[in-house]
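A.B. asks: Sequence:
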Amino acid sequence: MSWTPGGTVYGTLLNFQREWALWRPRMDDKPYVAPPKAPVLYVKTANTFTPHGGRIALPAGEAVEVAASLGLVMGAHGAPTHAVLVNDVSVAHDSYYRPAIRFRNRDGFLGLGAEPTPIEALGGVEGLAGLEIELRIHGVHKQTTALKDLVRGVPQLLLDVAEFMSLQPGDLLLVGSEALADGTRPRVVAGDAVEISAPGLKPAVQVFEEEEVLS
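Residue 179 in the numbering used here sits at position 179 of the sequence shown; the count goes up by one each step and never skips.
Honestly, the hints are just simulated from the structure, not real lab data.
Be aware that a few hints might be false.
Result set (EDC-like, lysine to aspartate or glutamate): computed pairs, CA atoms no more than 20 Å apart in a straight line [unchecked claim]:
id, residue 1, residue 2
1, K37, E163
2, K142, E126
3, K37, D149
4, K142, E65
5, K142, E211
6, K37, E209
7, K202, E212
8, K202, E134
9, K202, E132
FRET-style restraints, in silico, Cβ to Cβ [unchecked claim]:
id, residue 1, residue 2, range
10, G124, G7, 15 to 25 Å
11, K148, G170, 20 to 30 Å
12, G124, Q168, 16 to 26 Å
13, A190, T144, 38 to 48 Å
14, E210, A21, 32 to 42 Å
15, P31, G183, 19 to 29 Å
16, A121, R24, 29 to 39 Å
17, A92, R55, 13 to 23 Å
In this text, all values refer to a predicted model and were calculated from it rather than measured experimentally.
Using N, Cα and C, we set each Cβ at its ideal position, and we do this for glycine too.
Using the sequences plus the hints, can you model the full thing?
C.D. replies: Right, here's the structure in full:
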């Protein structure tokens, strides 16, 4: 049986150094007029979950981006017990201000790994800093995401999130995703098979297809 999260899924924005640097010149603009002081989170709702090996429908007429990320499966007392690879899918958009739910929460827009891996098997929370995640489309390498490039490493992210909210057992916290050099993320079209992999973790593989249009 394919694994799906048992609680709420929270994503983290602007948590990689390249994307932070690309956005920093605009962080002093309205409406916030300052860089964010706490982690910027969003929710991926249950309708977005696509299990490993599943298919994801592409909304007609819209560009869709894929993003490799690591999800932390929470146990008791806000501490993660397992980690899982995910494909955080979104409609391409040009602002991190108040990210609209319609960009990130279309049906199927969170591709999940086959199953979570115990954190201890990955060297514990501190050991995650050495992890590198590969994103391939039809077997062709498109992006490497290195967790050493996080703005807030996993231990700090957990501490900072705990300052303003409590994560419950079964919740999934995504550490963020890295941008390409131009600030975008890899894009997909119908027929693309996307594989996200990393040493010690089960891969996440999903296939994208045209959205079925009801007549």
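A.B. asks: If a hint holds in the structure, say so; if it does not, say that too.
C.D. replies: We went through each hint and held it up to the structure:
1. At roughly 12 Å between alpha-carbon atoms, K37 and E163 fall within 20 Å of each other, so this suggested pair holds.
2. Taking the CA atoms of K142 and E126, the gap is about 27 Å. The hint is violated against a cut of 20 Å.
3. A distance of roughly 18 Å separates the Cα atoms of K37 and D149; the hinted pair therefore holds under the 20 Å criterion.
4. For the given pair, K142 sits about 12 Å from E65 by alpha-carbon distance, which is consistent with the 20 Å threshold.
5. A threshold of 20 Å between alpha carbons decides the hint, and for K142 with E211 the separation of about 24 Å lies outside it, so the pair is violated.
6. At roughly 39 Å between alpha-carbon atoms, K37 and E209 are farther apart than 20 Å, so this suggested pair is violated.
7. Under the criterion of a C-alpha separation no larger than 20 Å, the hint pairing K202 with E212 is inconsistent with the structure, at around 30 Å.
8. With a C-alpha separation of about 12 Å, the suggested pairing of K202 with E134 holds against the 20 Å cut-off.
9. With a C-alpha separation of about 13 Å, the suggested pairing of K202 with E132 holds against the 20 Å cut-off.
10. Evaluation of the 15 to 25 Å hint for G124 and G7 yields a pass: the beta carbon distance comes to about 22 Å.
11. At roughly 28 Å, the beta carbons of K148 and G170 sit within the given window of 20 to 30 Å.
12. A hinted range of 16 to 26 Å for the beta carbons of G124 and Q168 is consistent with their spacing of about 22 Å.
13. A hinted range of 38 to 48 Å is violated for the C-beta pair A190 and T144, which are about 25 Å apart.
14. For the pair E210 and A21, the beta carbons lie near 36 Å from each other, so the given range of 32 to 42 Å is met.
15. Between P31 and G183 the beta carbons are some 20 Å apart, a value that agrees with the proposed interval 19 to 29 Å.
16. Between A121 and R24 the beta carbons are some 36 Å apart, a value that agrees with the proposed interval 29 to 39 Å.
17. Taken as a hint, the range 13 to 23 Å holds for the pair A92 and R55, whose Cβ atoms sit roughly 20 Å apart.
Of the hints listed earlier, those the structure fails to meet are numbers 2, 5, 6, 7 and 13, in rising order.
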